[in-house]
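Enquirer: All chains should be modelled from the sequences, with the hints used to inform the complete structure.
Okay, here's what each chain looks like letter by letter:
Number of protein chains: 2
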Amino acid sequence: MKKISESTVRRLSLYLRFLQEASDGGLDTISSDELAQRGGTTSAQVRKDLSFFGSFGKRGLGYSVPELLRQIQEILGLSRSWKVALVGAGKIGSALFSYRDFQLRGFHIRAVFDTDPTKVGAAWGDLTVRDDGEMDAALREQGIDMVIVAVPAEAAQGVVDRVVKAGVRAILNFAPIRLRVPSSVALRNVDMTVELEGLSFALINR
Amino acid sequence: MKKISESTVRRLSLYLRFLQEASDGGLDTISSDELAQRGGTTSAQVRKDLSFFGSFGKRGLGYSVPELLRQIQEILGLSRSWKVALVGAGKIGSALFSYRDFQLRGFHIRAVFDTDPTKVGAAWGDLTVRDDGEMDAALREQGIDMVIVAVPAEAAQGVVDRVVKAGVRAILNFAPIRLRVPSSVALRNVDMTVELEGLSFALINR
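Here the protein sequences come in this chain order: A and B.
Under the working numbering, the residue at position 8 of the first sequence is numbered 43, and the numbers go up by one with no gaps.
Under the working numbering, the residue at position 25 of the second sequence is numbered 60, and the numbers go up by one with no gaps.
Calculated directly from the structure, the hints in this document are not laboratory data.
You can take every hint at face value.
Every beta carbon over 12 Å from chain A, so not counted as near; a handful from chain B, in silico:
| # | residue |
| --- | --- |
| 1 | G156 |
| 2 | A172 |
| 3 | A173 |
Partial list, derived from the structure: chain A residues whose beta carbon lies under 10 Å from chain B:
| # | residue |
| --- | --- |
| 4 | S42 |
| 5 | L51 |
| 6 | E56 |
| 7 | L111 |
| 8 | G112 |
| 9 | L113 |
| 10 | R115 |
| 11 | W117 |
| 12 | I127 |
| 13 | L139 |
| 14 | R213 |
| 15 | S219 |
Ranges of calculated distance between the beta carbons of each label pair, as one might list FRET restraints:
| # | chain 1 | residue 1 | chain 2 | residue 2 | range |
| --- | --- | --- | --- | --- | --- |
| 16 | B | I39 | A | Q55 | 26 to 34 Å |
| 17 | B | D59 | A | E41 | 22 to 30 Å |
| 18 | B | R145 | A | I239 | 16 to 24 Å |
| 19 | A | G202 | B | S42 | 29 to 37 Å |
| 20 | A | I239 | B | K83 | 16 to 24 Å |
| 21 | B | E169 | A | S58 | 36 to 44 Å |
| 22 | B | E102 | A | T77 | 37 to 45 Å |
Keep in mind it's a predicted model, so treat the numbers as computed, not measured.
Don't be surprised by glycine CBs; every beta carbon is placed ideally from N, CA and C.
Expert: Okay, here's the thing in structure tokens:
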């Protein structure tokens, strides 16, 4: 398979959301124009994005909503469930833990770790916040697939190095710092300030 | 000025972070290669990104760190401060409110609104959580530049319609739903599940 860009993968996630809305609304087919309009892109881009993964849809008839839905779920790896660990039981960690969309999409938080003795031992849903020192062994024992890093910037690289060493191959980072990981590890960063900077750019360049 | 893509603006935010690190580390100049390496891109892309905004740097000498830093801050609209309102005083809202990087970059949260009577009246730092009914007038009176939407998905479009009507032209949305805004309004979405889907895609496509 060709190398797929991060922006293509992001658009697939968006298409998936529209397909789910369409499906909930009882629609059977959807055109690349409709998908494009909802995704803020062009129908040529939609066809190109989907063409990476095989041929979908019939010319003039559009895409079958349930079929395309199932196929994009397959492509994105959402037809299975994933074991996620959360490192950092602060405010961001707590907000992420309560984010019910994770669960709905098959991302199950199975462990929470923190260094703060006042947080360790707290009950979070069915889980108990565990001491950071238990993390390395627990990631292996529980077969964790992905780790969400929600620790202060200065602690993040240290956590990530341990996570990588424990064999985890996917990391979502909320610490406002650029992390180094081996090329075999997938890393996504959520930096809220970058988003606000995009808005300030838009406001002064109109 | 040419139309600048969202990905270019995102990379400018990244370059800015590296320039700040370089500046903190006492570096005077930086090459497009170094910027590219830290930004996960090519030096040709760095030169192209910067060329949109005029000519920077001297061939063979690299860029002056303090000068490029100042210029990117200017381009991104960070040489002034912005008044931000937060709608939604739940867990995500609370995490965002404590996010000290916003303040450091000139994004100042000046008002917090919620519909929940048990939250209204609570002291958040120097602010008091206000009733949602006061929002529309307050956005105008306080001259709010940007609104962060951290309400449940089903409430988000209604909030955004009122925000737009109150004259706000920049919105950062955390609700997991695609919002409709007029083309004169800048909208950024942070969808944490999209990021996890990018990771699951990476895990199954290696």
